[in-house]
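J.: Starting from the given sequences, assemble the full structure and let the hints guide the process.
The first sequence runs 58 to 927 under my numbering.
No lab work stands behind these hints: they were computed from the structure.
Among the hints, a few may not be true.
Derived pair list, reagent style SDA-like, types lysine to any residue, alpha-carbon separation capped at 25 Å [what the hints assert, rightly or not]: (1) Lys-876 to Glu-892; (2) Lys-95 to Pro-73; (3) Lys-620 to Ala-258; (4) Lys-416 to Glu-364; (5) Lys-174 to Gly-595; (6) Lys-876 to Lys-888; (7) Lys-416 to Ile-360; (8) Lys-83 to Asp-183.
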Amino acid sequence: MQEPLSERYEPGAIEPVVQAHWDDDKVFKVREDPEREKFYCLCMFPYPSGRLHMGHVRNYTIGDVIARYQRMQGKNVLQPMGWDAFGLPAENAAIENNVPPAQWTRSNIEYMRGQLKRLGFAYDWDRELATCDPDYYRWEQWFFGRLYEKGLVYRATAVVNWDPVDQTVLANEQVIDGCGWRSGAPVERREIPQWFLRITAYADELLDELDRMDDWPDAVRTMQRNWIGRSEGLSIRFALNDASVGGLEELEVFTTRPDTLLGATYMAVAPEHPLALACAENDTALGAFVEECRHQSTSEAVIEKLEKRGMALPVTVRHPLTSEALPVWVANFVLMSYGTGAVMSVPAHDQRDWEFARKYDLAIVPVIADAEGNAPDVTSGAHTERGRTINSGKFDGLDFAAAFDAIATALEREGRAERRVQYRLRDWLVSRQRYWGCPIPVVYDNEGNMQPEAADRLPVTLPEDVAWEGVASPLRSMPDFTATTLADGSPARRETDTFDTFFESSWYFSRFCCADNADGMVDERVDYWMPVDIYIGGIEHAVLHLLYARFFHKAMRDAGLVKSDEPFKRLLTQGMVCKETYFRETAQGRKQYFNPAEVDVETDDKGRVIAARARSDGQPVTIGPVEKMSKSKNNGVDPQALIDRYGADTVRLYTMFAAPPDQSLEWSDSAVEGAFRFLKSLWRLTHEHVSVGPVDALDVTALDDALKDLRRHIHETIVKVSDDVSRRYKFNTAIAAVMELVNHLSRTPADNAAARAVRQEGLDTVVLLLAPIVPHAAHVLWQALGHDEALTDARWPVADENALVREAIELVVQVNGRKRAVVQVAADADKAACEQAALADDNVARFTEGKTVRKIIVVPGKLVNIVVQE
RNA sequence: GCCGGGAUGGCGGAACUGGUAGACGCGCCAGACUCAAAAUCUGGUAUCCGAAAGGAUGUGGGGGUUCGAUUCCCCCUCCCGGUACCA
Numbered sequence: 058m059q060e061p062l063s064e065r066y067e068p069g070a071i072e073p074v075v076q077a078h079w080d081d082d083k084v085f086k087v088r089e090d091p092e093r094e095k096f097y098c099l100c101m102f103p104y105p106s107g108r109l110h111m112g113h114v115r116n117y118t119i120g121d122v123i124a125r126y127q128r129m130q131g132k133n134v135l136q137p138m139g140w141d142a143f144g145l146p147a148e149n150a151a152i153e154n155n156v157p158p159a160q161w162t163r164s165n166i167e168y169m170r171g172q173l174k175r176l177g178f179a180y181d182w183d184r185e186l187a188t189c190d191p192d193y194y195r196w197e198q199w200f201f202g203r204l205y206e207k208g209l210v211y212r213a214t215a216v217v218n219w220d221p222v223d224q225t226v227l228a229n230e231q232v233i234d235g236c237g238w239r240s241g242a243p244v245e246r247r248e249i250p251q252w253f254l255r256i257t258a259y260a261d262e263l264l265d266e267l268d269r270m271d272d273w274p275d276a277v278r279t280m281q282r283n284w285i286g287r288s289e290g291l292s293i294r295f296a297l298n299d300a301s302v303g304g305l306e307e308l309e310v311f312t313t314r315p316d317t318l319l320g321a322t323y324m325a326v327a328p329e330h331p332l333a334l335a336c337a338e339n340d341t342a343l344g345a346f347v348e349e350c351r352h353q354s355t356s357e358a359v360i361e362k363l364e365k366r367g368m369a370l371p372v373t374v375r376h377p378l379t380s381e382a383l384p385v386w387v388a389n390f391v392l393m394s395y396g397t398g399a400v401m402s403v404p405a406h407d408q409r410d411w412e413f414a415r416k417y418d419l420a421i422v423p424v425i426a427d428a429e430g431n432a433p434d435v436t437s438g439a440h441t442e443r444g445r446t447i448n449s450g451k452f453d454g455l456d457f458a459a460a461f462d463a464i465a466t467a468l469e470r471e472g473r474a475e476r477r478v479q480y481r482l483r484d485w486l487v488s489r490q491r492y493w494g495c496p497i498p499v500v501y502d503n504e505g506n507m508q509p510e511a512a513d514r515l516p517v518t519l520p521e522d523v524a525w526e527g528v529a530s531p532l533r534s535m536p537d538f539t540a541t542t543l544a545d546g547s548p549a550r551r552e553t554d555t556f557d558t559f560f561e562s563s564w565y566f567s568r569f570c571c572a573d574n575a576d577g578m579v580d581e582r583v584d585y586w587m588p589v590d591i592y593i594g595g596i597e598h599a600v601l602h603l604l605y606a607r608f609f610h611k612a613m614r615d616a617g618l619v620k621s622d623e624p625f626k627r628l629l630t631q632g633m634v635c636k637e638t639y640f641r642e643t644a645q646g647r648k649q650y651f652n653p654a655e656v657d658v659e660t661d662d663k664g665r666v667i668a669a670r671a672r673s674d675g676q677p678v679t680i681g682p683v684e685k686m687s688k689s690k691n692n693g694v695d696p697q698a699l700i701d702r703y704g705a706d707t708v709r710l711y712t713m714f715a716a717p718p719d720q721s722l723e724w725s726d727s728a729v730e731g732a733f734r735f736l737k738s739l740w741r742l743t744h745e746h747v748s749v750g751p752v753d754a755l756d757v758t759a760l761d762d763a764l765k766d767l768r769r770h771i772h773e774t775i776v777k778v779s780d781d782v783s784r785r786y787k788f789n790t791a792i793a794a795v796m797e798l799v800n801h802l803s804r805t806p807a808d809n810a811a812a813r814a815v816r817q818e819g820l821d822t823v824v825l826l827l828a829p830i831v832p833h834a835a836h837v838l839w840q841a842l843g844h845d846e847a848l849t850d851a852r853w854p855v856a857d858e859n860a861l862v863r864e865a866i867e868l869v870v871q872v873n874g875r876k877r878a879v880v881q882v883a884a885d886a887d888k889a890a891c892e893q894a895a896l897a898d899d900n901v902a903r904f905t906e907g908k909t910v911r912k913i914i915v916v917p918g919k920l921v922n923i924v925v926q927e
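T.: Written as structure tokens, this is what we have:
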């Protein structure tokens, strides 16, 4: 039984009904079916922060449009959803509101799940998972054991940010201007034992595979290549001139430019380097400098922007070729965690070395010629290009490769160097000194010897009922958790560190394939679904998450758990959602931000924004830049309020229409109104059409020119939208094309049987093309248009080739590259006919008269350019 | 600092492989309907000159390649993302 279509478009009335139908009939539940082509569509799962933000809405709408489109192609589509549930914000909420992180997280999940359902996403909810659930994390604990057996896990010390007041490790984000964000105390660097995964063992495969990942954006592949940073160079040992200092006899460095070795004029070591520490012991000034460096942040972004500073150490090294004594400096920009913590400096050919040499008046010796073969000018900066060697004695006159080889060979013969491949990529530090994460499944005996927890004793369950005192992880002070026994019953102590949350997000996509498996990490179903056909998420994950996930998947492959080499066949990176900011400066010089919803904007008679006032007091506020929606800038727009007001379809339509997925999107409330208006007018047009009654079958031979044009437009739109959705992922232009078609349909009168038949075809097409984007409205309109099958079972339309044929086309005519006319020619007009039609135009004649035509360029079907002598 | 990306009307954006710059939408202006408002509909809307036809200028700035450049190359400015413990 079909109900008549209501006259008004009321999303609040129809959307819950359509959603209930999807839910009750489990329309989006999928099973493995080897007979059918599968499509695994995945969006990066959310951190359950409290409420959905616009970034989520955008991400999940893009995924849903692709999933629903693939379903209309007849594929077996898996689109799951889950929760990246461990993380720092839950601990912050616990500290602030005294709510246990587990409780806070689970209630956030409840609320956000309701919001996702209200947006009508086509998820198979039976596969839902949360990473804080022991049924999930027990398997990564189990896999950690497998990695340990394979030698891919090790323990070593690493530097962390230490808050001396709160007695806790701080994340880089929690260090503001060198101080702890809560205590305000200057942060110290501290070396503590940490757990690492040997991702560098996979560096070459992670790098080489990128060349074959053609369905990933080039930008992401380039960023990952640069991050891995494979370089071939020479590891050189410089002998110390002074007898053993701090137990050291030589200084080892790695360089990719051994051809510049003769230009090395000094060495630089990290403040934590044993040589620097040894020298600092007997020198108060040096000691003070090293101590000062100990308060420097561990973040690369901060360190690299610091003023480059250093101090000379009271030691020199011997140049391995010339035996010249080179001074050794300690410098704040050399990092102990990179390579050997020491570098050789060639100021003539490295800009950073050059600046340091200038500042401290160290020698600058050019040893590479410029393009003309002359000594380069190094008075205003380093000469960094490769070239032939000069000032290098017997190594003079060689190009890069020859100089590299000659110098490497000479040093190797003396046992002072080896050729080496080095990576910028460092091993993955997976341990965190935090509570709200997956416990690292390791125990220590009374002697401090560690061993992984036995597989049959997993999971190591995180206690969820915790009392929070202070800011440090409560795990350490929970004897019920820390006290345990070994297999032989002897007393032991549990590891209290937890995993980096990237651990959980590195394999959840495989778990979605078999989320209900209680007996193993994954099972054979993973072979049906993996790899993910398209993975959609923010560009900010271009390196870390996406590189860790690739590594983890390969490690799982080598453990025989999955078959694919790469987890994500195609990657779509989404831009940010932005909004203008409004603020006032307070007396202390701080910015007080106003939410756009609390601000009235004044415009001039052209719609230009000229001023803004706070609604609360009517006083002016400063209009700031457009920035990513965030709590700190108070420029977030709550999706819930918009869903309540306009319905899910309008919010979905607007987010898809406002910008292409990979660009940032600037939110505009009035443009949302426009999306709503479009749905209302489509509804009205359909209502008007169906209320007249049944439509005769379409007779394509009985159409006049106007109806033929309209019909061609219908089928051209199918071609355009299909290409936009399936190949280009440009939903904004797809929607624009549908809007144009709807405009054309409503402008063309439907006052006879032929016209009504074309309108029916047009409306059927529009509803099918919009079905993935506005599925609720489309569902109701599809029924109203007389279709018995559910829209979720309908097929994507295919254009009628005959309807696409054109008899005449428009040709642009340029004279010397400037457009002068548009002329009509037959669709099959040859070059001569195009030239003739172009030259015959009156306005073209005005610009060619009395001048010599030198050349005529004809671009078939598009343009004629007549080149004349001026 | 380094790596990656971006900049087009008042605004979001379009122009896909070097071929009509500004599709579509918002906003704004004018008009229709209305007692009025909302809603809806019609027309206009890059800038400058012009009644119009049409012309000139114009895609962050400067240079180059080309018959032709938003698109390709070189230099620069500003903005955004990442920078290994935010996720």
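J.: With reference to the structure, classify each hint as holding or not holding.
T.: Outcome of the hint check:
Taken as a hint, the Lys-876 and Glu-892 pair is honoured in the structure, with Cα atoms around 15 Å apart against an allowance of 25 Å. For a cut-off of 25 Å, the pair hint linking Lys-95 to Pro-73 is broken: about 29 Å separates their Cα positions. The straight-line distance between the Cα atoms of Lys-620 and Ala-258 is roughly 19 Å, inside the 25 Å bound, and the hint therefore holds. Between Lys-416 and Glu-364 the alpha-carbon distance is near 11 Å, which keeps this suggested pair within the 25 Å criterion.
A hinted pair counts as satisfied when its Cα atoms are at most 25 Å apart, and Lys-174 with Gly-595 qualifies at roughly 22 Å. For the hint linking Lys-876 to Lys-888, the alpha-carbon distance of about 19 Å falls within 25 Å, and the restraint holds. Annotation: proposed proximity of Lys-416 to Ile-360 holds, straight-line Cα distance about 18 Å (limit 25 Å). Between Lys-83 and Asp-183 the alpha-carbon distance is near 9 Å, which keeps this suggested pair within the 25 Å criterion.
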